[in-house]
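Trainee: Each chain is listed here by its residues.
Protein chains: 4
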Amino acid sequence: MFDLIIKNGKVVSPASTVACDVAIKDGKIAALGHFNASEAASVVDATGKYVMPGVIEAHMHCQAPFQGCLGANTFFEQSISGAFGGVTTFMDFANMSRGQSPYTQALARAEEMSESAIDYSVHGKFVESTPEAIADIEKMADAGMPTFKMFMTYKKEGVMSDDETMLKVFQKAKEVGGLPMVHCESNAIAESNIEKCRQAGDMSWVNFAKCKPVLCEAEAFARAVYFTEYIGNGLIVVHTTNGEALDTARRAQAKDLPLYVETGPHYLTLFDDLYQGENGHLAICSPPLRTPEEAEDLWQGLKDGTILLTGSDDCTFDIDEKSMFLEKNPDGTWKQDFTKVVNGLSGLEIRLPILLSEGVNKGRISINKLCALTSTNIAKVYGCYPQKGIIAPGSDADIVLVDLDKEVVLSKEVLHNNISYCLHEGMKVIGYPVMTIAKGKIIVENGQFKGEKGAGRFLKRKIDPQYLAHYSLD
Amino acid sequence: MFDLIIKNGKVVSPASTVACDVAIKDGKIAALGHFNASEAASVVDATGKYVMPGVIEAHMHCQAPFQGCLGANTFFEQSISGAFGGVTTFMDFANMSRGQSPYTQALARAEEMSESAIDYSVHGKFVESTPEAIADIEKMADAGMPTFKMFMTYKKEGVMSDDETMLKVFQKAKEVGGLPMVHCESNAIAESNIEKCRQAGDMSWVNFAKCKPVLCEAEAFARAVYFTEYIGNGLIVVHTTNGEALDTARRAQAKDLPLYVETGPHYLTLFDDLYQGENGHLAICSPPLRTPEEAEDLWQGLKDGTILLTGSDDCTFDIDEKSMFLEKNPDGTWKQDFTKVVNGLSGLEIRLPILLSEGVNKGRISINKLCALTSTNIAKVYGCYPQKGIIAPGSDADIVLVDLDKEVVLSKEVLHNNISYCLHEGMKVIGYPVMTIAKGKIIVENGQFKGEKGAGRFLKRKIDPQYLAHYSLD
Amino acid sequence: MFDLIIKNGKVVSPASTVACDVAIKDGKIAALGHFNASEAASVVDATGKYVMPGVIEAHMHCQAPFQGCLGANTFFEQSISGAFGGVTTFMDFANMSRGQSPYTQALARAEEMSESAIDYSVHGKFVESTPEAIADIEKMADAGMPTFKMFMTYKKEGVMSDDETMLKVFQKAKEVGGLPMVHCESNAIAESNIEKCRQAGDMSWVNFAKCKPVLCEAEAFARAVYFTEYIGNGLIVVHTTNGEALDTARRAQAKDLPLYVETGPHYLTLFDDLYQGENGHLAICSPPLRTPEEAEDLWQGLKDGTILLTGSDDCTFDIDEKSMFLEKNPDGTWKQDFTKVVNGLSGLEIRLPILLSEGVNKGRISINKLCALTSTNIAKVYGCYPQKGIIAPGSDADIVLVDLDKEVVLSKEVLHNNISYCLHEGMKVIGYPVMTIAKGKIIVENGQFKGEKGAGRFLKRKIDPQYLAHYSLD
Amino acid sequence: MFDLIIKNGKVVSPASTVACDVAIKDGKIAALGHFNASEAASVVDATGKYVMPGVIEAHMHCQAPFQGCLGANTFFEQSISGAFGGVTTFMDFANMSRGQSPYTQALARAEEMSESAIDYSVHGKFVESTPEAIADIEKMADAGMPTFKMFMTYKKEGVMSDDETMLKVFQKAKEVGGLPMVHCESNAIAESNIEKCRQAGDMSWVNFAKCKPVLCEAEAFARAVYFTEYIGNGLIVVHTTNGEALDTARRAQAKDLPLYVETGPHYLTLFDDLYQGENGHLAICSPPLRTPEEAEDLWQGLKDGTILLTGSDDCTFDIDEKSMFLEKNPDGTWKQDFTKVVNGLSGLEIRLPILLSEGVNKGRISINKLCALTSTNIAKVYGCYPQKGIIAPGSDADIVLVDLDKEVVLSKEVLHNNISYCLHEGMKVIGYPVMTIAKGKIIVENGQFKGEKGAGRFLKRKIDPQYLAHYSLD
Ligand SMILES: [Zn+2]
Ligand SMILES: [Zn+2]
Ligand SMILES: [Zn+2]
Ligand SMILES: [Zn+2]
Ligand SMILES: [Zn+2]
Ligand SMILES: [Zn+2]
Ligand SMILES: [Zn+2]
Ligand SMILES: [Zn+2]
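Protein chains in written order, with the UniProt record's numbering: chain G, 1 to 474; chain X, 1 to 474; chain W, 1 to 474; chain Z, 1 to 474.
Worth double-checking, as some hints may not be accurate.
No copy is singled out in the list; a pair is fine if it fits within one copy or between any two copies.
Taking lysine-lysine and the BS3-like style, the derived pairs with C-alpha atoms no more than 25 Å apart in a straight line are [as the list claims (entries may be wrong)]:
no.	residue 1	residue 2
1	155	255
2	255	303
3	453	441
4	453	25
5	255	210
6	28	453
7	303	362
8	156	335
Derived from the structure by calculation, the hints contain no laboratory data.
Model, not experiment: these values are computed from the prediction.
Starting from the given sequences, assemble the full structure and let the hints guide the process.
Mentor: Structure (structure tokens):
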């Protein structure tokens with residue numbers, strides 16, 4: 001007797017779309033086949049729907065004490081918003097500042113996340129390479145958190161890892177079978193530009209993007225890749241935005257360097273013209289939004305396998321938080337100063353819809369490729385496969401049902417992220433998640449959240465060495 | 001009640017390896033999961049084994065009236081040999097000469113193949129582009145044979161399709177949703193070289209390879225690709241042997257041209273030094289064997305996705321057939337004349353073992369990649385997916401059990417191909433098929449053939465348009 | 001005592017611009033330095049002018065019995081028009097048809113050219129590779145004509161060299177230290193397209209360009225390059241029009257293949273929109289005019305050294321000749337049938353002005369690069385360097401004075417090519433030749449022709465082996 | 001009446017080799033042509049010799065107070081050694097440390113160099129970007145020294161320019177029409193490796209090369225190029241040693257970035273096996289010597305125009321200086337500690353011979369290319385063309401006569417560099433300078449130095465903007 005049968009759907013994996021039923025028992029996939037409704041306590045009719053492994057979000061910043069803001073959501077609220085977007089597992093970053101233990105911070109963050117309705121995990125964050133910090137890398141790997149974030153910029157903010165730190169973290173990550181995650185922007189280019197803007201007295205939204213142009217990111221990307229090639233480790237580069245960086249990636253991947261590149265839906269659908277608007281600060285994120293031409297390069301990278309990961313880099317700040325350090329002119333307009341804007345965009349809930357609509361339904365990628373990009377590849381790279389990322393006997397029953405024909409006009413009302421604006425306001429997407437199941441329990445159905453606070457469990461991760469030895473997730 | 005359960009194996013797909021059982025009923029996969037032995041009429045214990053979709057051989061020449069030889073095997077015998085190599089579906093080529101109907105010839109060939117123990121299909125062959133021949137393309141596609149072979153060389157033998165014919169077949173194949181298959185060698189280079197050898201009076205085995213060097217193949221490859229790009233169709237290039245051609249492929253694939261490249265195990269493991277031996281003629285095939293350096297380029301192509309297909313190009317001629325037009329010198333050695341050697345190598349049975357041993361067990365490709373290269377991708381490109389090429393509910397129960405640790409020394413005694421020599425004689429392979437199941441029936445077990453003559457059925461094929469619209473099988 | 005001193009000019013070579021005088025004696029450059037007017041019989045004041053080696057035209061078709069037309073000019077008239085464009089040496093092609101001796105034809109053509117006012121030479125033309133034809137290659141090289149033209153298309157017209165002929169001519173050209181010159185268009189693509197147009201009943205000018213698209217040229221280009229790589233010879237590809245071909249060239253040149261690529265001014269300044277006009281047939285040439293985007297690729301090729309040669313491919317047909325096989329509709333418009341248009345554009349006189357204006361004055365290439373592209377490189381590749389192509393002691397005093405500031409509006413009245421239209425009508429060029437000196441004699445001055453019929457001499461050519469051994473003219 | 005005529009030589013430029021005489025008056029080239037001996041006060045017979053513009057050395061370190069050593073030569077002695085190697089102009093670097101004025105230091109260095117027998121100039125050196133230091137850039141450009149050296153490593157030694165300083169110097173150099181010169185090695189990689197060696201207690205010569213591998217240089221190279229692309233300036237990268245860096249250069253140059261790459265003769269002829277010897281420390285230079293494979297890549301770069309500059313990076317330390325901080329083991333062998341070795345190799349005198357022998361006489365480059373690489377290109381990039389770098393009327397009569405057949409076995413006795421060893425000891429070179437003329441005076445003839453202390457003059461330089469606007473010296 002199964003707990004639940006999902007009947008008549010099309011079950012999706014990165015390599016196949018199979019018309020069959022999915023039987024679930026004790027929170028896990030029990031069997032694929034064709035079953036009678038009578039064999040289960042309850043049945044979901046998935047006729048006409050795609051039955052996909054739940055989306056995994058490995059890149060978000062919730063309750064980050066960033067520039068004094070914590071964001072609009074608690075982790076429980078964040079898990080609700082995610083669930084509406086098909087997300088069944090998420091990972092966040094430990095807080096970090098000099099002198100602290102990355103390991104202790106990661107444990108603290110895991111504790112905070114335990115109120116979530118879905119499974120969760122934590123990445124370490126590194127800003128220095130003291131012997132103590134480096135020693136923590138092994139502890140974190142042992143504790144199931146073998147991923148270590150670094151920023152190549154934000155020197156003034158005290159967040160940057162310098163080249164020496166990167167090399168040391170790369171080396172140790174390699175030794176413990178872990179993966180560094182790098183935010184690539186050249187601090188020298190960014191800071192010298194900001195200084196020039198300051199001297200010129202023009203800190204407008206538009207100048208934000210000019211301060212951190214494609215080459216600012218591309219230089220840092222190339223440097224991180226050279227360090228990886230030198231150390232011989234694997235690497236995750238988060239939120240890649242441009243073709244120049246992808247060309248560097250192609251050359252490295254052709255040498256079999258295990259370089260896993262992520263991009264996000266905002267870089268595919270939002271562009272730097274937003275900075276020309278009065279409320280351009282709402283679109284300020286790092287790296288900045290780029291041009292439609294760069295977005296085409298990103299789609300090419302998604303198609304040809306240069307980019308194997310997507311992530312939202314979700315930072316859900318409401319207008320008041322984005323603007324909290326800003327002043328206004330006498331005429332009510334903003335005194336534009338991009339250095340005073342809290343960085344980051346909300347995106348957790350819309351990653352899947354945007355990729356369904358702009359990717360699958362526009363013929364750029366198949367539903368199978370989408371499955372890899374939102375779930376399977378992420379599970380593999382971050383070390384929770386095959387527990388997560390696949391619909392197969394024995395795996396967790398984390399599932400999202402997708403209606404590829406459902407049309408939704410994105411707006412702040414449609415989303416569940418607790419903020420009063422939506423950068424995609426008015427955008428029609430075709431293809432939407434219609435049911436989310438976490439470990440066998442329906443947590444979103446008919447537009448209702450049915451999950452439970454604290455139902456999520458800490459996900460202990462370990463990366464398969466084959467993904468660290470070659471550039472391949474097959 | 002199932003007919004058969006394969007218990008405790010590791011079920012392989014291109015994207016996953018899942019520890020679960022496979023339940024079979026009425027010749028088809030009924031379910032994946034964990035089942036009790038009591039649920040089936042019989043049970044196979046696959047503990048420690050990989051459970052893979054049966055190998056598909058889309059490139060072989062059996063009973064081809066080639067230069068007066070028919071080869072050592074009937075189609076039934078061929079299916080036996082294949083079954084020992086994990087092959088559960090095979091496809092051969094229609095005979096063809098000017099003035100004949102390709103469609104009629106294909107039907108005749110299908111009839112001949114009906115004695116096979118495994119499912120089978122037929123590719124058309126084209127040497128001219130008369131209106132009648134072109135009209136046959138649609139008939140063939142309608143009859144489930146949407147693949148059309150052409151040779152860019154063998155002009156003197158009357159087998160070559162000239163550029164005009166290629167363009168016309170490409171155009172029509174595109175219109176009917178089919179795929180041309182091209183043997184790429186520049187006839188002008190090959191024939192002018194052969195003529196030079198003839199004038200120089202040196203027709204030694206060694207000169208055979210020199211007459212058709214890498215550039216001979218690479219020029220034709222580039223030409224076929226340009227024609228494809230111009231017409232806008234998809235293309236299969238068979239038996240690709242070198243990195244120069246792969247570089248051409250990479251550029252075309254990066255433009256999203258649906259260019260599916262095949263290579264064969266002989267080009268990965270046999271090299272042109274064989275032509276230096278007295279019995280070098282046994283190694284004569286076209287294109288000729290190359291160098292180990294080229295083989296490394298092929299492995300790279302397999303790894304990075306430039307090559308998505310493997311095929312044996314099996315031509316099982318025994319020594320007497322290979323040598324039937326040759327004469328001997330007074331001292332008993334061969335009067336070497338490569339133009340009198342019947343071309344082609346036996347390979348049907350060893351494709352899987354060689355790719356297991358040299359590919360998976362040497363760490364060059366994963367077992368999942370192997371699955372794609374020997375089965376899934378072939379099913380997709382040739383239009384019989386998901387009936388074939390995957391272990392999923394609803395698919396044919398064509399399965400091969402692989403023991404990745406089993407060691408076999410290849411030799412003529414070990415193989416079942418009815419010939420008295422083996423070019424891989426003495427080569428130890430690690431990893432071997434240990435059981436073959438065709439449509440739910442065990443046809444090879446414990447080294448015994450248990451299949452049935454005529455059990456094979458004609459496989460009606462239709463290519464998914466998405467594989468013709470983009471270069472992607474995901 | 002010198003015959004002539006050119007004072008105060010800027011003497012240009014591919015690597016330098018030197019402010020000095022040029023002293024001439026007995027038709028040759030005697031010295032460079034600073035001389036008193038009293039040291040010479042006459043003096044030209046070149047203050048503010050660039051003193052450049054005379055333009056060499058190695059690609060023109062004058063008095064070609066092409067489709068029944070001979071063109072508007074005798075060779076003497078052609079040499080006058082050329083002289084106004086700074087041309088001091090030109091080369092034409094032997095006529096050729098099957099069964100004739102290429103060598104004899106070349107001699108006959110040389111005889112015809114002897115009425116020219118400037119020095120001249122002849123290229124052989126090959127349409128077949130009979131033993132006799134091949135044997136002529138050596139005779140031609142010995143006679144100072146080591147360049148051999150072939151067409152890869154025009155099969156129906158009986159002008160095409162097939163692949164076998166190309167290989168044989170390439171081989172023999174290599175043996176005698178000569179260079180094949182190839183017109184690259186795929187006959188199969190071109191003819192199959194023309195046939196389709198014929199069946200569709202649409203032979204409009206616009207369709208002409210569609211029949212011979214970029215890929216039609218690029219395929220043939222790649223094939224010619226593969227043949228060259230295979231034979232190991234050098235190659236000249238004439239009138240290259242697109243970036244796809246240039247990418248092929250770059251790869252070959254990076255392997256040090258001596259592949260010398262030519263483009264012409266028409267492909268840089270005239271585009272395929274001309275075919276939309278009622279008189280679009282006047283713009284019909286082969287390969288067809290392309291887009292501005294392709295022209296940018298050509299400029300890139302000129303800048304980065306992929307293209308080292310320019311040539312006009314001059315075919316000076318007047319309107320009546322271009323239209324002689326055409327009929328008119330009742331309303332007086334042309335019954336468009338591109339197959340009935342005599343191919344080719346006039347360009348001899350405007351090559352230098354266009355390259356000065358569009359190249360040098362628009363900052364795309366330096367005056368030194370221009371010198372190489374119009375004179376020095378051509379002299380080197382075609383084997384008349386340093387007799388031609390450089391202003392240095394001992395070289396022929398073939399010189400053109402250029403005023404880089406002179407503005408001229410191109411029109412049929414401004415040119416001297418005897419035809420009643422100008423495709424560049426109304427185009428303003430900045431930079432123009434103002435004096436032409438051939439072997440020490442002023443032949444154009446103040447807009448007057450001062451040369452002499454029959455003053456030209458046959459130029460015996462021999463190619464420096466270093467240019468055949470490497471891709472380098474340095 | 002001329003002062004000197006060089007008769008019957010072959011006068012070399014980057015684009016031509018002309019058989020003519022060179023007439024000299026008042027230290028300058030007066031005329032090229034054919035002159036009577038009676039027209040000059042004296043005559044040199046150059047029959048059979050190549051008459052080339054004198055070698056320019058823009059990269060040497062003489063009297064550098066480096067690690068406490070000044071080197072074996074005064075500037076006068078250095079100019080003598082150079083003259084024997086055909087050098088007629090040299091440039092050195094200002095000393096520099098924090099808080100000092102780069103401009104003042106450059107003037108001081110010019111004063112020190114004034115004892116030279118040949119013309120000289122100075123590059124600035126920058127280790128910081130204080131407003132004062134940046135302001136000095138304009139002063140230096142105005143004073144004829146528009147080239148500014150920075151090191152990307154040697155942080156501990158206080159010599160490194162960090163990324164911020166590089167960006168500021170690049171920006172200002174651009175504004176004043178100058179060029180930065182960068183020593184590319186990643187400090188993070190180098191220092192972290194050295195630290196590892198120290199911890200492992202193995203500071204052997206061999207480990208020196210391992211600490212600064214190809215990727216150490218390549219990362220810094222890529223970073224410098226990205227900064228250049230970002231700022232939009234031109235750049236000189238000195239002493240490039242490997243193909244990875246050249247590939248980066250090719251991509252940048254293809255975008256028309258004015259990136260001028262230098263390599264040196266030691267990287268073409270000396271390899272890292274030298275570090276295995278007891279006296280391996282004598283071969284320690286930075287970047288380290290590489291492999292023969294990398295040298296082949298450098299030759300390719302020289303051939304295809306990726307590398308347009310050569311320089312010796314001469315640091316003439318005698319054995320005692322190289323070893324002055326080293327200790328010995330009881331058995332008399334060195335206590336190997338590469339951090340205690342004074343870096344740098346002698347090379348000023350052998351650059352021309354090595355390039356003649358390994359380059360021209362081995363068929364890798366033409367004598368014209370050699371001319372560009374040793375003189376013309378350097379004059380252009382460093383801003384002293386056409387005063388230097390060309391044999392043309394009006395240019396300085398700096399000339400070296402080369403006998404391309406002269407064989408010399410290199411040894412410490414043959415050279416004039418005041419040191420007691422020669423890393424090329426025993427190497428036979430074919431092709432050697434046989435006479436050196438500086439500003440019309442013979443300074444080396446028949447193995448004798450005939451120059452005069454203090455005859456050199458400070459060379460005021462200014463870079464032609466065209467070389468800063470495009471990647472092209474034509
Ligand atoms: Zn980030
Ligand atoms: Zn982030
Ligand atoms: Zn074949
Ligand atoms: Zn075959
Ligand atoms: Zn042509
Ligand atoms: Zn032509
Ligand atoms: Zn240095
Ligand atoms: Zn140096």
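Trainee: Against this structure, judge whether each hint is valid.
Mentor: Status of each hint after checking the structure:
1. Taking CA atoms no more than 25 Å apart as the test, residue 155 paired with residue 255 passes in neither setting, with 32 Å inside one copy and 31 Å between copies.
2. Within a single copy, residue 255 and residue 303 get their C-alpha atoms as close as 19 Å, and across copies as close as 11 Å, so both meet the 25 Å cut-off.
3. For the identical chains of this complex, residue 453 and residue 441 are intra-copy neighbours only, at 13 Å inside a copy versus 50 Å across copies, given an alpha-carbon limit of 25 Å.
4. In this homomeric assembly, residue 453 and residue 25 come within 25 Å of each other (Cα to Cα) only inside a single copy, at 21 Å, whereas the closest approach across copies is 43 Å.
5. Proximity of residue 255 to residue 210 under the C-alpha cut-off of 25 Å is restricted to the inter-copy arrangement: shortest distance 21 Å between copies versus 33 Å within a copy.
6. Proximity of residue 28 and residue 453 under a CA criterion of 25 Å is satisfied intra-copy only: 20 Å inside one chain copy versus 43 Å between copies.
7. Taking the shortest Cα distances, residue 303 and residue 362 sit within 25 Å of each other inside one copy (13 Å), while across copies they are farther apart (29 Å).
8. In the homo-oligomer, the alpha carbons of residue 156 and residue 335 lie at most 25 Å apart inside one protomer (23 Å), although the nearest pairing across protomers, at 44 Å, exceeds that limit.
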